[in-house]
Amino acid sequence: MNVTQNTEAQRMSFWEKLYLPAIVQGLGVTLRQMFRPKFTRQYPEERWEPLGSYRGSPVLVLDEDGERCVACGLCSRVCPALAIEVQAAETEREKERYPVKFEINMLRCIYCGYCEEVCPEEAIVMSKDYELVFEDRESAILGKEQLLVPIEKLQDRLEFLRRYK
Amino acid sequence: MPVITIDGRHIEVPAGKTIIEAAYENGMQIPHFCWHPALSVAGNCRMCLVEVGMPKRRPDGSIEVDKDGQPVIAFFPKLQIACATPVADGMVVHTKSERAVWAQEAVMEFLLINHPLDCPICDEAGQCKLQEYAFRHSRGVSRFTEEKVHKPKRIIWGPTIVFDAERCILCSRCIRFADEVAKQPVLTFVERNDHVTIELYPGTEFDNPYSMNVIELCPVGALTSRDFRFQARVWEMSFTDSICPGCARGCNIRIGVRNNEILRLEPRRNLRVNQYWMCDEGRLTQYGFVNYNRVDGPWLRRVGTEKPESVSWEEAYEAVAAALRRYKPTEIAIVGSGRLTNEDAYALVRFARMVLKTPHIDFPRREDPYFEDDLLRCRDRNPNTTGVLEIGLKPGAGGTSLSELPQKVRYGAIRVLYVVEEDLASVSPELRQALEEAEVVIVHATNHNETTKRAHIVLAATTYAELEGTYTNIRRYVQLLRPAIATRERERYMGMQMSRWDKFGAWNDRWTHGPRRNCRQTWQHLKEIARILGTSWKWHRSEDVFRELAQEVPSFSGMTYELLEAYQGVALGRGLAPEPVPTMQYESHVLKP
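Chains as they are written, first to last, in the working numbering: chain A, 1 to 165; chain B, 1001 to 1593.
The following block holds chain A by itself, in its conformation from the complex (with noise of 0.2 angstroms):
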């Protein structure tokens, strides 16, 4: 049934019908706007540093005596995406096992940060870096080599794990 009575246009007073009002309201917000504080970044330039609790992808730590990682393999059973491959040996050192594989898939990995909240060595961690491009499938599957990045530059994030996990 059409709904000739009460309509929009009906119930609008003869201001609201000009238009021009409002317009002008509009065109006000936008005049405020430009005199206020700037949040968009020129990006590549200026770079945005994220807080200890930031979670981008995650990596392996290296402290003085070496890798922490000991391959138990925990990372890689919890992953809910199944995006971490580890291949254990043993080592000479105090503690037997090393990872002599370590493979995240970043393709898979879906931030979720599981690995480093189960890790019994505090041996992976989210680390800051958001900047996640790869030219092809092979090259998102990072290795040992890349994934190992010195305990100096994860000051952040294991302090935020101390207080917090």
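Hints are not guaranteed to be accurate.
[To be verified] Here are the simulated lysine-lysine pairs, DSSO-like style, with alpha carbons at most 30 angstroms apart: (1) A:Lys-101 - B:Lys-1592; (2) A:Lys-101 - B:Lys-1129; (3) A:Lys-95 - B:Lys-1096; (4) B:Lys-1096 - B:Lys-1129; (5) A:Lys-101 - B:Lys-1096; (6) B:Lys-1503 - A:Lys-144.
[Stated by the list, open to error] Just the calculated beta-carbon pair ranges, DEER-fashion: (7) A:Arg-163 - B:Met-1054: 24 to 32 angstroms; (8) A:Arg-163 - B:Leu-1117: 21 to 29 angstroms; (9) B:Asp-1374 - A:Gly-66: 47 to 55 angstroms; (10) A:Leu-148 - B:Glu-1579: 53 to 61 angstroms; (11) B:Ala-1506 - A:Arg-11: 51 to 59 angstroms.
Worth flagging that the hints you see were computed from the coordinates, not collected in a lab. Where is the CB? At the ideal position from N, CA and C, for every residue including glycine.
Once you've looked at the hints, dock chain B against the given chain A.
Just chain B now, kept in the frame of chain A:
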């Protein structure tokens, strides 16, 4: 028989059994570390403490009853260990009462005091008895703040075993195994108090042929395999029930597979065949040939060319059929193998009798008197000699046996050799010569070897880990094998054991790229060749072959795969009335799904 009550359940138990035996034979569980049904009772872990009571008796010997007519139970003032307390009529046992649980939790707390937090690097993690009980029977927190006792790690016990003294919880299972089963008493406890550890006697090595059984026996990760150490976490593997093909004993095994590659074999309980054990030789030598040096796809050597050429299955079958057609039936000799499954042996015998109509069929015996011992290892190194003979893989009337074969080939009476899954060239120099002299050599082979070098046509065959079939062991038990690894044609299907990685891996994941070999089971080859030669068999899977075999061969009658699985193997001739499965269903600690 005495009737006892465990946790409110009345069970009848033969006199002389202990409480823990009674429980496990009736499907109940009591936490324990040192007790094992195949070993003597040590009673030193104290984990199986339970509350035990007997009916109260009056001075005249009659049983006191309460006002409901129920006997009054007088509980022993102290808790008893279930592994060393024999049952008595009227006995009442509480395994989950407040006092029992309190004691079990206390024992767990003691064991965990000096146990290192090694789980991330320990191979046992995931199938560890201590881990399991830490969840089930422990308080979950540690009150111990002092320094843990440190003991030596990575002690080499022998060619197969590495010992970690810190992880050891001193259950003495390995010591008792060495004394009682392996009969190599070289292990003992040394030191006292919390410094107790296990050592070898000076100048000895733990190197008996059954040494690796202590790895499964060990409730923690103190004993690890040098062969497997750190290869994979247990939960990354799939475990498929199978049979060891190393000798005629047919030990029941589990095949641990990751990424379509066998990483380890471990024994599986079968009280009628191998109890809980298997030999090191079987464990260490029976998986390498599945992983390496495999024949991949059929190939043939064309006339005038030296280089073998890879061809399609159809082409290869056509070539085999053409070669067989060219000769008279009596000029063809078939050499089978004691490694064939019953299904394949049946298909081969039918192929010889009904398709080729040749009486020349035999297989080489592989006997090794030095391998034999009085526990498990057999002189006969073929896993299925009994079954193959039962099915009739032997020379027919006027047929040539294997010993006469080289001579017949030399004089041109036999011109075609059809070798099925056997490395004939390595059996004897005469047979090697015969392979050179025969006009056509057709081989079904799993691995590249001396025979395939001399072959004209090679058809890739499945190993025991890729096929579905049955072996008949030396004690005449027919036992079932399930496929553990995928082939090109048989991807992992419903019902095949799969790990999480097998289930969810995609084509672009690197962990799914384990090699899939292009191979088929021998009966499938024979079916295709027979079809080209004019005989069609309606088999689609091994089970169809076995069903036909059970109808044709009287001693197999009544057997089905379900029956073999349910009864853990059925003796020949007992298909219609299989022996009941032993009541003891004990599994010490395995990976829980």
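Hints, one by one, checked against the model:
no., hint, result
1, A:Lys-101 - B:Lys-1592, "27 angstroms, holds"
2, A:Lys-101 - B:Lys-1129, "29 angstroms, holds"
3, A:Lys-95 - B:Lys-1096, "38 angstroms, violated"
4, B:Lys-1096 - B:Lys-1129, "19 angstroms, holds"
5, A:Lys-101 - B:Lys-1096, "46 angstroms, violated"
6, B:Lys-1503 - A:Lys-144, "26 angstroms, holds"
7, A:Arg-163 - B:Met-1054: 24 to 32 angstroms, "59 angstroms, violated"
8, A:Arg-163 - B:Leu-1117: 21 to 29 angstroms, "23 angstroms, holds"
9, B:Asp-1374 - A:Gly-66: 47 to 55 angstroms, "51 angstroms, holds"
10, A:Leu-148 - B:Glu-1579: 53 to 61 angstroms, "59 angstroms, holds"
11, B:Ala-1506 - A:Arg-11: 51 to 59 angstroms, "58 angstroms, holds"
Violated hints, in rising order: 3, 5 and 7; the structure is consistent with all others.
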